[in-house]
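*Asks:* Given the structure of chain A, go ahead and fit chain B onto it with the hints provided.
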Amino acid sequence: MAQIFHPSTNVLSKLSIVAVALGVPALGTGAYLFSQTYGAEMYIPKPQPIPFSHRHHVGDDGIDCRFCHSSVDKGPFAGMPSTHTCMTCHSQIWSDSPELEALRSSFRSGKPIQWARVHDLPDFVYFDHSIHVKKGVSCVSCHGRVDERPLAMKEQDLTMGWCIRCHRHPEKNIRPKEYVFNLAWKPNEEKGETQNELGEKLLETNKIMNASQLTNCSICHR
Amino acid sequence: MANPMLASNQRETFDIIQPGHDYTSITEKITGISMSPKVSPVWLLGVIFALGMAGVMATGMIITILFGVGVWGNNQPNGWGFDIINFVWWIGIGHAGTLISAILLLLHQNWRTSINRFAEAMTLFAVVQAGMYPLLHVGRHQYAYWMFPLPNSMELWPNFRSPLMWDVFAISTYLTVSAVFWYVGLVPDLATLRDRSTSRMAKVLFGMAALGWRGSALHWRRYMQVYLLLAGLSTPLVLSVHTIVSFDFAVGIVPGWHSTIFPPYFVAGAVFAGFAMTILLSVPLRAVCNLRDVITMRHLENMGKVMLATGLIVFYGYIMEVFFGAYSSNKYELYMTFNNRMFGPYAWSYWMLIVCNGIIPQVLWMKKCRTSIPCLVAVSISVSIGMWLERFVIIVTSLSFDFMPSSWALYHPTHIDWMIYLGTMGFFTLLFLLFCRILPVISIAEMRELIHHQKHVHGGHDAPGSHQHAHSHASH
Numbered sequence: 001m002a003q004i005f006h007p008s009t010n011v012l013s014k015l016s017i018v019a020v021a022l023g024v025p026a027l028g029t030g031a032y033l034f035s036q037t038y039g040a041e042m043y044i045p046k047p048q049p050i051p052f053s054h055r056h057h058v059g060d061d062g063i064d065c066r067f068c069h070s071s072v073d074k075g076p077f078a079g080m081p082s083t084h085t086c087m088t089c090h091s092q093i094w095s096d097s098p099e100l101e102a103l104r105s106s107f108r109s110g111k112p113i114q115w116a117r118v119h120d121l122p123d124f125v126y127f128d129h130s131i132h133v134k135k136g137v138s139c140v141s142c143h144g145r146v147d148e149r150p151l152a153m154k155e156q157d158l159t160m161g162w163c164i165r166c167h168r169h170p171e172k173n174i175r176p177k178e179y180v181f182n183l184a185w186k187p188n189e190e191k192g193e194t195q196n197e198l199g200e201k202l203l204e205t206n207k208i209m210n211a212s213q214l215t216n217c218s219i220c221h222r
Numbered sequence: 001m002a003n004p005m006l007a008s009n010q011r012e013t014f015d016i017i018q019p020g021h022d023y024t025s026i027t028e029k030i031t032g033i034s035m036s037p038k039v040s041p042v043w044l045l046g047v048i049f050a051l052g053m054a055g056v057m058a059t060g061m062i063i064t065i066l067f068g069v070g071v072w073g074n075n076q077p078n079g080w081g082f083d084i085i086n087f088v089w090w091i092g093i094g095h096a097g098t099l100i101s102a103i104l105l106l107l108h109q110n111w112r113t114s115i116n117r118f119a120e121a122m123t124l125f126a127v128v129q130a131g132m133y134p135l136l137h138v139g140r141h142q143y144a145y146w147m148f149p150l151p152n153s154m155e156l157w158p159n160f161r162s163p164l165m166w167d168v169f170a171i172s173t174y175l176t177v178s179a180v181f182w183y184v185g186l187v188p189d190l191a192t193l194r195d196r197s198t199s200r201m202a203k204v205l206f207g208m209a210a211l212g213w214r215g216s217a218l219h220w221r222r223y224m225q226v227y228l229l230l231a232g233l234s235t236p237l238v239l240s241v242h243t244i245v246s247f248d249f250a251v252g253i254v255p256g257w258h259s260t261i262f263p264p265y266f267v268a269g270a271v272f273a274g275f276a277m278t279i280l281l282s283v284p285l286r287a288v289c290n291l292r293d294v295i296t297m298r299h300l301e302n303m304g305k306v307m308l309a310t311g312l313i314v315f316y317g318y319i320m321e322v323f324f325g326a327y328s329s330n331k332y333e334l335y336m337t338f339n340n341r342m343f344g345p346y347a348w349s350y351w352m353l354i355v356c357n358g359i360i361p362q363v364l365w366m367k368k369c370r371t372s373i374p375c376l377v378a379v380s381i382s383v384s385i386g387m388w389l390e391r392f393v394i395i396v397t398s399l400s401f402d403f404m405p406s407s408w409a410l411y412h413p414t415h416i417d418w419m420i421y422l423g424t425m426g427f428f429t430l431l432f433l434l435f436c437r438i439l440p441v442i443s444i445a446e447m448r449e450l451i452h453h454q455k456h457v458h459g460g461h462d463a464p465g466s467h468q469h470a471h472s473h474a475s476h
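From first to last, the protein sequence lines are chains A and B.
Residue numbers for the first sequence follow the numbering used here, so the first one is 1 and each next one is one higher.
Residue numbers for the second sequence follow the numbering used here, so the first one is 1 and each next one is one higher.
Only chain A is shown next, with the shape it has when bound in the complex:
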């Protein structure tokens, strides 16, 4: 009786074991890594109507975050500046720059500029900027060194895991309230100040809930 399979299929059958044993974990790891980096759209500036530079306005000019994001310490939404806010300066300087045509046309028509949203949380998450700012979480903890970035981009993946990591250990990201908008602030290590010790102290002075309260589902999902 003729053989059904060629002898070379012996190699194939053995290889198939290796392929499954390596391939399945490799595929899973690959998908996970993708979802954590490129899939999370990190470090990719979005096209905007005006190539606005935070580095210039915050870093060089020293404008406070709250000058433009005026509701960041008052409500859930940090707030985007109105065209009039921009025109405070840009009616005088760079007033005929072609880059700022979108701003001037918005001023003429009264229609706000439509910025492309960089940090977008899902709608089933209730996030409030003011409580974070009031309790001593700095802008830099989530948005990075905005004062060093020419174009705005996501520096954190904004996954639930990332949120809850801080809710489990809030002391790692708490600073004295007066330094919340100082993006360059660091604990004074020469005086022996460490973030963990300082954070532990601030948990009490700033009256921050404990981790089991902060990780309750209804803190973010209401």
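No wet-lab data here; the hints were simulated from the structure.
Note that CB positions come from ideal geometry on N, CA and C, so glycine has one too.
Check before you lean on any hint, since a few could be wrong.
[Unchecked claim] Part of the chain B face toward chain A, derived, beta carbon under 10 Å: (1) L150; (2) L156; (3) P158; (4) N159; (5) R161; (6) V204; (7) G207; (8) L211.
*Replies:* Chain B only, in chain A's frame:
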């Protein structure tokens, strides 16, 4: 060609296998079922009917996926309804297959040989039906994989203290081990099918599935080692799977659920229901496929005995539940046991359960009944209904009237619930019918071994188990 004498001789026998078979006749008899070019009209009708039922199931499932679990009868407080009742029912049915293939093998019960293959297939197909219910029950079906503790971007784990989590492991382990056990047992038979196939396609497919089996002494030695190991691995599963399913209830503090008798009586109930289903499958199988000489009266009677024994354990469980309720002096338990279960709005289901599972199976004490096919079938149907009612009583009566009268509500299954439930029976039948036409319904290799024993060891009923022989093979 099958031995014509055997084919025509269809008298009932109490031997494990009707005398007169040899290696060739048994091989031809069994392979003939799946390899005969003639398609039996009974089979075809069955497939068409089962396919229609499976379509009903698919429709019910699609409606559920499109519109959400609100199309079911589940409500507050009845968060569990048909979905969990049917899940437990199907999981329970699977247990007989594992018991037959693993425990009876280790106990040297050589009568298992004729029924283990299709009983294991029954296990697999029943677990498939059962597994679909939790997937639908979770509501957001695309996230059903969240039941497994996989690393995820939410950095959350399922609650490891919850029996529902243990259930995920129990069921997935059960499915995996049952599938591997079934497949390993099939390998020598797949080689037989490969060698007897005529079409190139069948040769290649069976050839790949047979994993290069040539039947050498070394192959058999390793095969026997693996088979015994897997039997050892499956044995605790017979007990663990339904124990953990019972924890889904027993760990909860709901009156009517919070009872230590649950694990043992769930396991006994599972075997009880499983043997009922095995009888319901083997009776038509031996009639349609002329297998009266291989699946004999002896097998049916033994299955009846197992049913009687496990049925008594289950009945004892029901009596103990009533006793615990009364002895607890807890007003919630008392209300649940007497006012609600026995005389509440679902009293009909409780009393039908007692009749179907407690009273009717007692006829199996009579040998006359154990050896009468109509009687066995009637008892098996009664047990299947009874075991379904058991889960209905446990889930619905307990949930609908718990601690707070303000949250009481009745449970009514909807048409979609019935479509999915009846549909899974069709899908199960479909899988079983396809199995009969593709793979040998009885283990050919083990039947040959049985015949070898009858010839050389002799002594019919007292012959040592097929496995013992295998073991001596392996150790020399």
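*Asks:* All hints, please: hold or fail.
*Replies:* Now for the hints, and whether the structure bears them out:
no. : hint : in the structure
1   : L150 : holds, 8 Å
2   : L156 : holds, 7 Å
3   : P158 : violated, 14 Å
4   : N159 : violated, 12 Å
5   : R161 : violated, 15 Å
6   : V204 : holds, 6 Å
7   : G207 : holds, 5 Å
8   : L211 : holds, 8 Å
The structure does not agree with the numbered hints 3, 4 and 5 stated previously, though it agrees with the rest.
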